[in-house]
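K.L.:
If you read the protein sequences in the order shown, they are chains A and B.
One point on numbering: in our numbering, the residue at position 135 of the first sequence is 135, and numbering is uninterrupted.
One point on numbering: in our numbering, the residue at position 188 of the second sequence is 188, and numbering is uninterrupted.
Careful: at least some of the hints might be erroneous.
As the list claims (entries may be wrong) - Covered stretches of chain B (chain A as the covering partner; in silico rule of three or more C-beta atoms under 8 Å from a C-beta of chain A):
(1) 54 to 61
(2) 161 to 172
(3) 175 to 181
(4) 218 to 229
It should be emphasised that the hints constitute simulated quantities derived from the structure, not laboratory data.
Where is the CB? At the ideal position from N, CA and C, for every residue including glycine.
Now for the letters of each chain:
There are 2 protein chains.
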Amino acid sequence: MNNQVEKVPVFRFTKEGTTSLEVEVAREFPVTIILNNVELVTMLCSPKDMKYLAAGFLSSEGLIKSKDEIKKILVDERRGVVRVDTVEDKALAEDFFSKRLITTGCGRGASFYNTADAAIKKIESTMVISPGEIFKLADEFQHGSEVYLSTHGVHSAALCDRKKILTFFEDVGRHNAIDKVFGKCLLEGIPTSDHLLMTSGRISSDSVSKAVQRSIPIIVSIAVPTDLSIRMANDFGITLVGHAASGRMNVYTCNQRIARDIKA
Amino acid sequence: MNNQVEKVPVFRFTKEGTTSLEVEVAREFPVTIILNNVELVTMLCSPKDMKYLAAGFLSSEGLIKSKDEIKKILVDERRGVVRVDTVEDKALAEDFFSKRLITTGCGRGASFYNTADAAIKKIESTMVISPGEIFKLADEFQHGSEVYLSTHGVHSAALCDRKKILTFFEDVGRHNAIDKVFGKCLLEGIPTSDHLLMTSGRISSDSVSKAVQRSIPIIVSIAVPTDLSIRMANDFGITLVGHAASGRMNVYTCNQRIARDIKA
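This is chain A alone, in the form it adopts within the complex (with noise of 0.2 Å):
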């Protein structure tokens, strides 16, 4: 289990108090998929049995459709990428990238995020919310959501100032209704920095890389953060909250933006 868990400090915050401590969170890893030579796709998942996750995406696509087609897998865990050669040299690529569709859970960052070569520009904001009022923004998030409380079903995204929801929308897609807030912003001209953005899905890369784009300088989840969100977070200068619930929450970087009197 040990390569799929990161330790990571974090300030916790209840109504009793701060203290500082470290949890563990799921680690987020880049893996490519390199079909015949031609790269295929590159996905965000647990750096775990790449091979089975190959495998298995090749299958579910319907690029293979049993264990004779494949001539070799090879697997470099440290770099992630995953090389699947065929027996028959399949010319996949261009019926497969002619079809995009993405689904329920998706949202497709706008790049795949690598420290390297992204030009990081970091967020200018001196934006501070106290936990009281995260606290408060959460429950309310919480209770927002009408198809999520009939259904049980969506997820929910939200752009708030320091006292109230602007806007709130859901999706079964917990990308989705991140984008449909962003897009409601861009086409009313509603401004996004020194804005929250809240959500109800945990937070992985892409989310982080959404916020990135409308300069958004905190993001509350009601979920938990991935090691890679959260060493996003910390290159774009973001304050990062997550398990946002019932009076509590965990600050994972750039906690300057929260106050320390509870209620300021």
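Following the hints, position chain B against chain A.
P.N.:
Leaving out everything else, chain B in the frame of chain A:
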């Protein structure tokens, strides 16, 4: 909220017995974004606020930076098509298509499900399982995830027979966990027909699509299905079980595979 929710009949099994009732599930709908007459992407989403979804997606992808770049957005809600024209006729598609990133939530179904053009071959299986056996498997499944228990940041999936879990995987992506299960089965010759797929994640049409590829007759989720996944399971003759936890479950389709005797 109406067009985001659908009422469906279910059989609810608890340790006390069976009731027949109607529940609400979230709707899932394919929406295609066409940018400057080039089909860019099809995404599975909740059928509402498609204009915002399209604008937000294009912004998240870095394809548009401001409202001023957009000449017009036309939404065909019934067909699920959003046409976006930009002021400058950007030649974006090629660059976009050359990069494929599948994010943590993803998995991309083999193809977009369309009853009209799908060559439907019903899954033939005489597998029968009792509610008691499913409760036991679900209980074991929920306690089997080390990484989840320490991080709350991953999904899990498993292949089971009536009595036990045969393969079990975790991943930050809910589709990746399923692909890992099926990849192992493919590479190691583990049969999947007459077996049960268990998942911690919500069931959308893409999850059903993966099960269809491997002739799985029964899918059990700890979470809930969308309306499209229910229709698809019906079409392919798959038994869909949701909300399976703590000695209760809902059966959405093909209940002939669920034994009437709780403990059978």
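K.L.:
Each hint: holds or not?
P.N.:
Hint-by-hint comparison with the structure:
Only when three residues or more bring their CB closer than 8 Å to a CB of chain A does the claim for the segment 54 to 61 of chain B stand; here the count is 7, and the claim holds. Coverage of a stretch by a chain is defined here by at least three residues with a beta carbon nearer than 8 Å to that chain's beta carbons; for the segment 161 to 172 of chain B and chain A the count is 4, and the condition holds. Closer than 8 Å: that is the beta-carbon criterion, and the segment 175 to 181 of chain B has 6 residues meeting it against chain A, so the requirement of 3 holds. Closer than 8 Å: that is the beta-carbon criterion, and the segment 218 to 229 of chain B has 4 residues meeting it against chain A, so the requirement of 3 holds.
Hint violations for this structure: none, all hints satisfied.
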